[in-house]
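Q: For the record, the sequence lines run as chains C and W.
According to my numbering, the residues represented by the first sequence are 1 to 432, in order.
According to my numbering, the residues represented by the second sequence are 1 to 280, in order.
Be careful, since some hints might not be right.
Derived DEER-like restraints, expressed as beta-carbon distance ranges [to be verified]:
no.	chain 1	residue 1	chain 2	residue 2	range
1	W	Q167	C	E31	54 to 60 Å
2	C	E26	W	S48	52 to 58 Å
3	W	T38	C	S151	19 to 25 Å
4	W	H96	C	A256	42 to 48 Å
5	C	H11	W	Q167	30 to 36 Å
6	C	S87	W	Q167	47 to 53 Å
7	W	I49	C	K390	25 to 31 Å
8	C	G209	W	I196	43 to 49 Å
9	C	Q228	W	S48	52 to 58 Å
10	W	S48	C	S151	17 to 23 Å
30 Å max Cα-Cα, derived DSSO-like pairs, lysine-lysine [as the list claims (entries may be wrong)]:
no.	chain 1	residue 1	chain 2	residue 2
11	W	K164	C	K178
12	W	K168	C	K262
13	C	K203	W	K164
14	W	K168	C	K272
15	C	K264	W	K168
16	C	K274	W	K164
17	C	K203	C	K274
18	C	K126	C	K89
Residues on chain W that point at chain C, a partial pick, calculated with CB under 8 Å [stated by the list, open to error]:
no.	residue
19	A33
20	V34
21	A52
22	R163
23	I165
24	S179
25	L180
26	G181
27	E185
28	R189
29	I192
30	H247
31	G248
32	R250
Derived from the structure by calculation, the hints contain no laboratory data.
Beta carbons: idealized from backbone N, C-alpha and C, even for Gly.
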Amino acid sequence: MNQIVSVGTSHHVAPIEFRERLAFSEEQLIEFLQHLRESDQVQEAVILSTCNRVEIYAVANAVRNADAAAKILVEFLSRYHQIDMESLKRWSYVHHNLETIRHLFRVTSSLDSMVVGESQILGQIKSAYDFSRSSGGTGTVLNRLFTKAFSVGKRIRSETTITTGAVSISYAAVELAKKIFNTLEGKTVAIIGAGEMSELTAKHLVANGVSNVIVANRTYERAVKVAQKFNGIPLAYSSDLDFLIDVDIVISSTNAPDYLIKRKPLADIMRKRKHRYMFLIDIAVPRDVEPDVSKLDSAFLYNIDDLEAVIASNLKDRQQEAVRAEQIVSEEAKRFYDQLQIFEVNPTIKALHQQFRQIADSELQACFYKATLSDQQEVAVASMTQAIVKKLLHHPMENLRCAVNDGDADHGQYVQALRELFALDVSDEHTE
Amino acid sequence: MINFLFLVTLLIYLAASIFQTLSLAIGNRSGAAVIRPTIERVAFWSTSIGFAFLTLFIVLWWLQQGHFPMTHWTDSTAFFAWAITLIYLVIVRLTHLSTLGSFVMPVAFIAILISYSFATHTAALPEPLQNYWLLAHTTLIFLAYAAFIAAFGFGLMYLITERKIRQKTDALLDNLLPSLGISDELGYRCTILGVILLTMGVIVGSLWTQYIRDVPWRWLDAKVISTLVTWFIYVVQIGFRQFWGWHGRRAAYAAILGFVAVLCTYVGVGLFLDSMHTYR
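Here chain C stands alone, though its shape is the one from the complex (with noise of 0.2 Å):
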């Protein structure tokens, strides 16, 4: 029988110290999976190795149970990259068939990421797929597994929002803005002072559109510095805030200790700007802005509380759908698996029936043969043959089909037990 299992470990359970030792590098993936296959031992495997996970999916049918083929990869695992069996296993987790399953899919769906819904992991792992498919590492079982994995995730990323809702800083800012904006094209971002987040954010802001990059500084060459990036306008600006007419998004974080944009002032720049919208991002501690600059009918204004709310808002929401996508993890692997053992089982009921119908047929013409029947007694005689073919096998089959169907672990003993004592011959390569 096949087993599905997988071995791996990601941020949930080991530092990045582990991780990194675990980590694949391209020819070490070809190397790995060319060890696995002339071992004979796994038939089929899939490596998935990011920087928050590495993880193998294999499958294998020439072992007693689960538990067996996961010995085989944790210790190739252990031997490849020379890493003690005892660390290997504090510091990874192992799923047999059904667990394997759900965790890919749950993996697939970022249900396992480290933030929930991000959507890089899906990518990752169809890069990891091809891979291993192109390099000859799959077959029908993996095939199968990994393209419903990819139809699963894509399903909790149409029924769930858990995608939905801006969860860093920079992607806050650009949400909010698109929902001020109708568009940020042809838009004007200035960015006060300097600092990873604010020009992160005006990164973004750019790739979504916004056309004009200016960088305001208290000393020319830094704003000269970081404009360069932008392609943008670098400005020295004293207390002068007239460069704000033509701005439409402000990012400010300087070290200044009081407000650098007070109300009054902001308020003539909107009257001479005729009140187009203004959205200003205060990521200064302490602010930089009034608060009371948001009284002021076209300006908008968030501080990196406000940032932050919204981020929180937003992940408590990716958690609650969260849940909803964990159901449909549980019932599409449920599905898949339950398809999956009938899919195993199938050749070996129908090569059963092969050999049955085959007897009794050789055994007919025979008997045909030997005796002088007449048309009609011919047609009695086959007729009660082929019912005797098909009430023999009734039981059998049918205790087979409920085996698979309770989920017992024990059809692939009964299916075993088929193959040998009526010397089935059923290859392992399944037909579609």
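Position chain W against the provided structure of chain C, taking the given hints into account.
A: Relative to the frame of chain C, chain W by itself:
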């Protein structure tokens, strides 16, 4: 038969209003992503089918009356609902913003409900008024009203979105309402469209007076004055926007004020003041 058709139309409009509002009301609640597409589809199709039925009703009613039906509240409110739906469907067609329906379809439904409750009533139209002037005049005015109601809907959408953004925490959650920029701009365009249509309607109406014989006409008619006030409110609003940048929240409030003025002109004058234009 025609009454039954009208009842069906009324029920479809009720369904349309409910589904339009529902699609907004369920927001981004858990599970909304699954059912919203269905609700939106039902809302759109009930609106479209309701519009088709209403059009058929008006045509049949017209044939039965023998002249363009515009004498009784029945005629007028049905036509009002028709104009609102037409403008709404045009906006959806151009912008794909079906959210507006949550605000304007209930108005259309109430109009039809009023119309239906008078449904068997008719009033004779004086012979001299039976001509294409009436058709042109009333169609222009009602389309103008419908455009103003769309502007009112965009104004409400603007205010809700702005409130959410200023309240900060759940600002990003709800992606159903358009951005402030969109609501503002579309509301403004609807206002301009309304003003153009209203101006044309008034001009056609005043030209018409030159041709009316045998019916007493006076210029200081309550409806005429009220309409001019409404017109003035919208024109001033456009001017302020052009010259002093009065957009956003102020424009939204102005759209609501304009909506009240439209209601006063349409319903108020019709019901409480003596006017040449009174519906019977």
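Q: Check the structure against each numbered hint from earlier and tell me which ones fail, lowest number first.
A: 7, 8, 10, 21, 22, 28 and 29
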